[in-house]
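Sequence order for the protein chains is A and B. Here the numbering used here is used: the first residue of the first sequence is 1, the next is one more, and so on. Here the numbering used here is used: the first residue of the second sequence is 1001, the next is one more, and so on.
Simulated from the structure, these hints should not be mistaken for laboratory data. A hint or two may mislead.
Stated by the list, open to error - Derived DSSO-like pairs: lysine-lysine, alpha-carbon spacing no greater than 27 Å straight-line: (1) A:LYS103 with A:LYS79; (2) A:LYS2 with B:LYS1030; (3) A:LYS42 with B:LYS1013.
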Amino acid sequence: RKEVEQDPGPFNVPEGATVAFNCTYSNSASQSFFWYRQDCRKEPKLLMSVYSSGNEDGRFTAQLNRASQYISLLIRDSKLSDSATYLCVVDEGGGADGLTFGKGTHLIIQP
Amino acid sequence: DAGVTQSPTHLIKTRGQQVTLRCSPISGHKSVSWYQQVLGQGPQFIFQYYEKEERGRGNFPDRFSARQFPNYSSELNVNALLLGDSALYLCASRQPGTGTYEQYFGPGTRLTVT
Chain A
1 RKEVEQDPGP
11 FNVPEGATVA
21 FNCTYSNSAS
31 QSFFWYRQDC
41 RKEPKLLMSV
51 YSSGNEDGRF
61 TAQLNRASQY
71 ISLLIRDSKL
81 SDSATYLCVV
91 DEGGGADGLT
101 FGKGTHLIIQ
111 P
Chain B
1001 DAGVTQSPTH
1011 LIKTRGQQVT
1021 LRCSPISGHK
1031 SVSWYQQVLG
1041 QGPQFIFQYY
1051 EKEERGRGNF
1061 PDRFSARQFP
1071 NYSSELNVNA
1081 LLLGDSALYL
1091 CASRQPGTGT
1101 YEQYFGPGTR
1111 LTVT
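The following block holds chain B by itself, in its conformation from the complex (with noise of 0.2 Å):
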């Protein structure tokens, strides 16, 4: 079965642009949820998407923003780019009601804001 895909793996922007990245989960499952990973940290919590509705979101501004299709894929959309945006965007889906939390990751977009 395939895993968490995200595209693209690696995009090189410019400040003030704007950047959408893909994520399709697992087959089955129905949450999805965004984290940043700037070098030498861990992930951090942006958003977390469950039956196309918001469910949790972490300290990020209002440049940041996600949506949810009906076949549970996702987009994480971030606009007026800062150099501090450029860090690794990882994917993560799970599947709620099964007693369980464990999350499982895609291999993430490298972005680079220049």
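Chain A with its partners taken away, still in its complex shape (with noise of 0.2 Å):
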């Protein structure tokens, strides 16, 4: 059975501080690797796809251990606009299988 696992938090962060979320996979053969934002009763977005050599984007950085099966999210500077559920999502390869989702993690940042 393929599965994600998070820690569904919620984590309660005060803003300018630093937040690192992590999530495992079963799936040794995964193939891609997302993190997606999930407001509340809203569709999840796209924040940024998962590279194996890491990748960051603005306040944002992804990594991937593959050999530990593992993902992380590391947010800096956080912003009161970075209260959201993270979701970890996984794809087994070429789409066919849609893509397996963790439960998400919650972070409220706090003025």
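Now that you have both chains on their own, put them together as the hints suggest.
The structure is reproduced here in structure tokens:
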């Protein structure tokens, strides 16, 4: 059974702090990895793809460790607008099996 | 450019009824996937369609069916509705052959079964 595990939180973090989320996946053959952001009662929005070499987009950094089957997301200088649920997502390959989502980590940025 | 669109936005049905949900992908995207998201959970994969053919199916009963039209829009049908079918139904599109597997979601249809 394909699984993606995340700490559901909530993570309560003061504005301006750095916060890190982790996620593990069970299928070693997984090929593509993503972080999506979901606001309350809205659709998931792609935050960033995760590449083996790690990648950065502004205040966001994603890392992939294939040996440990582990994905991380780091948010620096957190903003109030970063409050959301962050979904760790894995594609086993080709898209035909669909994306496998974790349950999400709820982040609350406090002023 | 318009993103993925879905209709209706909200729907209330009673147990045993049938429902049809509709999705239009991003212009140029030929692949459409359907997901079910119940409260407190991540989305669960139901179907993927590409070039009007079913290319993948998740662990859902035969009460769930779908199809894709020549213009790449899609419909999801659910028969004999159960209370447990109450959820947000999400449609996502992507463009195969681009080397990436990123999927883009529509706003969803919130289905309530009473």
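Against the structure, the hints:
no.: 1; hint: A:LYS103 with A:LYS79; in the structure: 23 Å, holds
no.: 2; hint: A:LYS2 with B:LYS1030; in the structure: 26 Å, holds
no.: 3; hint: A:LYS42 with B:LYS1013; in the structure: 21 Å, holds
Violation of the numbered hints given earlier is absent; every hint is satisfied by the structure.
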